[in-house]
Each structure stands twice: as C-alpha cells, then as structure tokens.
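What follows is the residue order along each chain.
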Amino acid sequence: MNTFFSDWYYLSIRNIKLIWRPLLALLPPFFMPIFFFAVNSLSLSALAQVPGFPDVSYKDFIAPVAIFTAIFFSAGNAGIELVQDIQSGYFKKLIIMPINRLAIVLAKLTEIAVQSLGQGIIMLILLLMWGVKIQSGFLGVLAIFAILTIFAMAWSCIGMISALRSQNARLVQSLFILVFPLLYLTTSQSPRDLLPSTFAKITDYNPVTYIIEGIRALVLHGWGSPDIVYGFYAAGGMFVVLVTLTLLSFRKALK
Amino acid sequence: MVSKSSNIIEVKNLTKTYPGGTEAVKGISFNVREGEFYGFLGPNGAGKTTTINMLVNLVKKTSGSIKIDGVVLEDSPDEIYKKVGFAMQEVGLDEVATAREMMQLHGRLYHMPKIEIDAQIAKLLKLVELEKVADKFTSTYSGGMRRRFDLALSLIHKPKILFLDEPTQGLDPHARQLIWGHLRELNKQGMTIFLTTHFMDEAQELCDRIEIMDKGKIVTEGSPAELMKKHSAKNMEEVFLKTTGNTLGQEEVNANAPDPFSRSRQRG
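Going line by line, the protein sequences match chains A and B.
At position 52 of the first sequence (counting the first as 1) the number is 76 in the working numbering, and the numbers step up by one without a gap.
At position 154 of the second sequence (counting the first as 1) the number is 156 in the working numbering, and the numbers step up by one without a gap.
Any given hint might turn out to be false.
Not everything, but these chain A residues come out facing chain B in the computed CB check (under 7 Å) [what the hints assert, rightly or not]:
| # | residue |
| --- | --- |
| 1 | Y34 |
| 2 | R45 |
| 3 | G113 |
| 4 | M121 |
| 5 | I123 |
| 6 | Y254 |
Listed next, with one range per pair, are the computed distances between beta-carbon atoms [stated by the list, open to error]:
| # | chain 1 | residue 1 | chain 2 | residue 2 | range |
| --- | --- | --- | --- | --- | --- |
| 7 | A | L126 | B | K190 | 38 to 44 Å |
| 8 | B | K138 | A | L209 | 44 to 50 Å |
| 9 | A | A49 | B | K232 | 53 to 59 Å |
| 10 | A | F28 | B | K232 | 50 to 56 Å |
| 11 | B | G192 | A | A49 | 53 to 59 Å |
If you're looking for bench data, these hints aren't it; they were derived computationally from the structure.
Quick reminder that beta carbons are idealized off the backbone N, C-alpha and C, glycines included.
With the hints as constraints, model all of the structure from the sequences given.
Next comes the structure, spelled out in structure tokens:
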C-alpha cells in the first residue's frame with residue numbers, strides 16, 4: 025500500500041476506536057435531539073394546523089432537525105480529541121514520524137464520517153419507531169446521510185481549527201453553543217412563509233437552512249425538489265471552505 | 003560494541019530566537035559520537051528542551067546547522083525521523099489505547115512489516131517489563147509504567163539515536179533505577195543516547211560525556227571525571243552549581259518562550 029494511504033488507513037482506525045472508547049461517550053449526543061424532538065413534536069404539533077403550514081405532521085417536519093443535532097454534537101468531538109492529543113504530547117509524537125501530514129487531517133475526517141453515519145442510523149431508527157416516514161425511500165435515506173456526513177466533516181473542522189489555534193479544551197468544548205444560532209436561525213421549527221420577514225432574511229444567509237431544507241425535502245416529499253441540490257451545495261461549500269482552512273491551520277501550526 | 007569515533011550528531015552555531023525576541027539558544031556547537039551516552043544538562047530555562055526539540059525538528063531553528071547521522075535536518079526530515087526516537091518530558095500516551103495497540107500503530111506509521119512490528123513489541127515489552135499489562139489501557143498505568151512504556155514506544159522503529167528529555171522526572175527511586183537499567187542496556191547494545199536531566203546523580207551515573215548549558219550557551223564539557231577535576235568538585239552537582247550559578251533571571255525569560263504544541267510543559 026502507498027505510504028500515504030497506509031498512514032491515512034492506520035490513523036483512521038486509531039481514531040475510529042476513539043468513538044466507542046469509552047462506550048458511554050456515545051450516549052450524550054443523543055440526549056438533546058431526542059429530548060427536543062419529543063418535547064417539540066408533542067407540544068407544538070398544533071402548529072401543523074396553522075394556515076400556510078405544509079400538509080404534513082409536525083413530527084415529520086422537525087425530524088431532520090433531530091438527526092442534524094445528533095450529528096452536530098458528534099462532529100464537535102474532533103476538536104476536543106485534537107486538544108487532548110496536543111495537551112498530552114501525543115500530537116508531537118505523530119508529527120515527528122515519517123508520515124504524511126495530510127493523512128492526520130483526513131483520518132480525523134474519516135472518524136467523523138464513520139461516527140456521523142453510525143449515530144445518524146441510530147437516530148433514524150428511533151425516528152422511524154416514533155412513526156416518522158421517509159418519502160424518498162432507501163435512496164433518500166442514503167442522500168440524507170450523504171448531506172449530513174459532508175456537513176459533519178465540515179463542522180468538525182471548526183473544532184480542529186479552534187484546537188490548533190487555542191489548544192484550550194474549554195474553548196473548543198464550548199463551541200457546542202453555536203448549535204443554537206446555527207439551528208434556530210433557520211427554518212428548523214417553522215416554514216419560511218410563516219416566519220417574520222426579518223427573521224426569514226436571516227435564515228437565507230445561514231447555510232444550515234439549506235441543509236435542513238434539503239433533508240426535509242427528502243423526508244416529506246421524495247425526489248424532485250431543488251432543495252435537495254441546495255442542501256448538497258450548502259454542505260459541500262462548507263466542506264471545501266472549512267477543510268481548506270483546517271489544512272492551512274495545520275500547516276501554520278507545523279511551521 | 004560501537005567504536006564511539008564518528009560523530010552521529012553534529013551541531014554548529016545553533017540559535018533559536020522566539021517571536022518576541024527571547025533568545026533561548028545562542029549559537030551553540032557540539033558533536034555527539036556514535037554509541038555515546040551523552041548528557042545535556044542545565045538549569046530550568048537554560049535552553050535544553052528548545053535544543054532537543056530543534057534536533058528532532060519539533061522547533062525550527064533560527065540559524066546554524068544540524069546534521070544527524072550524516073543527514074542535514076532540513077534536507078530530509080523524514081529520513082531523520084526514522085533514525086531517531088524521542089521520549090519527551092510529557093509522556094503523551096493515547097489513554098484509550100492499550101500498549102500493544104499503540105506500538106502496533108506506531109510500527110505501522112513507521113512503515114514496518116507486521117512480522118517485524120510483532121517481534122519488536124515482544125522484545126521491547128520484555129525490556130521494560132510490561133508484558134503482563136500490554137493489553138490494558140495505558141490510562142491504567144502508574145507514572146513509572148507510563149515512562150517505561152513511553153521509552154519502549156520510542157524504540158519501536160529501532161532508532162540509531164534515542165533522545166530523552168527528563169526521562170525520570172517525577173519517578174520514585176525504584177522506578178528511576180529500572181529506567182537507568184533499561185538505558186544502560188540499550189547503550190550497551192550500541193544505541194546513541196542523548197539525555198537531558200535535572201538529576202546530577204543520573205548524569206554522573208549514566209553519561210560518558212556531559213555538556214552543561216546555561217542562559218542559552220554551553221558553559222563546560224567533558225566526561226564526569228574530567229568535569230569534576232576541572233572544576234575541583236566532589237560530584238556533578240557541585241560542578242553544576244559552580245558552572246551555572248544563579249539562573250532564576252533566565253528561567254523567567256525562557257518561561258515566556260512559546261512551545262508550538264503544548265502550553266503546559268516545563269522548559270529545560
């Protein structure tokens with residue numbers, strides 16, 4: 025095997041093991057999405073009766089938010105793990121080995137992709153058990169995971185950049201609060217037509233809006249909506265920008 | 003037994019000035035011979051850790067030249083990484099991996115064949131007497147076990163030179179003796195060892211030759227016996243005190259020097 029691919033592979037295996045070690049660390053990312061999904065789908069179900077709301081149940085409407093939130097929290101782990109590696113000195117060990125530096129970043133992204141898929145599947149099973157229906161079928165589920173995995177890898181870069189810049193676990197850990205502006209300044213809780221105009225304008229500038237709406241289109245309507253393509257564009261755009269910034273941060277840190 | 007005639011580390015006019023103007027290393031030159039057990043001593047903030055970090059390419063030098071086993075550091079760092087092992091001040095273990103897993107991973111990252119990795123793991127775990135806990139998470143190890151394992155890990159790829167930065171820091175006398183025994187054994191097998199330490203008895207006990215650094219410069223050099231004779235001292239501690247004097251001022255200066263990948267470590 026080419027040494028680049030071999031470095032990427034073995035570092036990825038090491039990182040993937042971090043996902044379930046310790047096993048209990050798998051649970052917290054599910055708490056908030058399940059809690060909010062349960063509370064909102066029960067307490068706000070009457071919103072679906074408001075004129076202008078699409079002809080779907082409220083729980084189906086907010087199902088994409090639950091999967092998104094679970095993956096959002098998992099993606100934040102990349103930065104925390106990187107800070108731990110830096111603070112313990114393990115990162116230094118890696119960089120004085122004859123390994124490809126790009127493989128270190130790619131292995132982190134691979135870990136996040138695997139974790140997102142795993143947690144996404146568990147969250148989806150829970151939602152299906154709750155009665156949520158995916159109109160786009162099995163291929164739609166694959167598309168949902170594709171959008172979310174690309175987003176998760178992109179979001180993990182925010183944590184990694186912060187880790188490299190600050191080397192501070194508390195700061196990196198506190199990034200989870202960004203879930204609130206990113207998720208709630210979108211159409212996550214209500215369709216755009218029912219939002220006040222200023223709020224609706226803000227959601228237009230939030231890339232997460234397009235990711236949520238892309239997934240929502242797959243859940244509620246099946247194939248054919250342009251929102252699906254916009255969802256891929258938003259996740260892909262974030263991926264390109266944030267991975268580039270992460271690589272630049274790595275290069276700067278190694279200098 | 004290695005002849006100890008040719009130089010395996012050649013350092014000329016090495017300097018390091020950190021952003022902000024802190025001069026941690028001020029134009030030092032020295033050579034280390036192949037198979038030598040070489041001690042690099044100095045008070046806190048003398049520039050030892052900065053020097054050792056420059057030798058393994060963790061910190062970029064400001065000027066001067068470093069040649070390791072005939073290879074200029076900046077020409078081919080990957081080739082240097084294969085030749086050196088480094089047990090750092092901070093042990094830096096993967097807390098949720100077992101010793102065996104970590105050694106396997108490191109062997110793979112040094113692109114060694116599996117059969118060779120397995121043989122090295124067995125040999126090194128035996129050397130540091132950790133065979134029985136090889137499949138336990140490293141987070142369960144005591145301080146001494148962690149140091150010994152870190153030493154074994156730094157040897158997985160059969161380096162020619164072993165750099166050790168305060169390898170017995172924080173260990174009890176029994177654990178120190180164990181580490182000393184392992185180091186003597188490795189040196190007897192021909193490995194060049196570059197040691198920085200605060201413990202003068204350690205340096206006197208282990209090293210063939212010692213350099214003492216203070217305020218970024220080398221202040222004296224020789225075998226322990228030569229140094230004691232030269233400075234009319236009874237032991238290395240006396241040599242150290244006579245050659246370095248009061249260094250608190252420089253310690254404070256160097257404490258401000260940035261370390262690219264750790265904010266918490268102590269500098270030497």
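To see whether the hints hold, each was checked on the structure:
1. Y34: 4 Å, holds
2. R45: 4 Å, holds
3. G113: 3 Å, holds
4. M121: 5 Å, holds
5. I123: The hint holds - A/I123 has a Cβ within 7 Å of chain B, the shortest such distance being about 5 Å.
6. Y254: 39 Å, violated
7. A/L126 / B/K190: 38 to 44 Å: 40 Å, holds
8. B/K138 / A/L209: 44 to 50 Å: At 47 Å between Cβs, range holds.
9. A/A49 / B/K232: 53 to 59 Å: Hint holds: Cβ distance 58 Å, inside 53 to 59 Å.
10. A/F28 / B/K232: 50 to 56 Å: For A/F28 and B/K232 the Cβ distance comes to about 52 Å; the hint holds.
11. B/G192 / A/A49: 53 to 59 Å: 45 Å, violated
Hint violations for this structure: numbers 6 and 11, all remaining hints satisfied.
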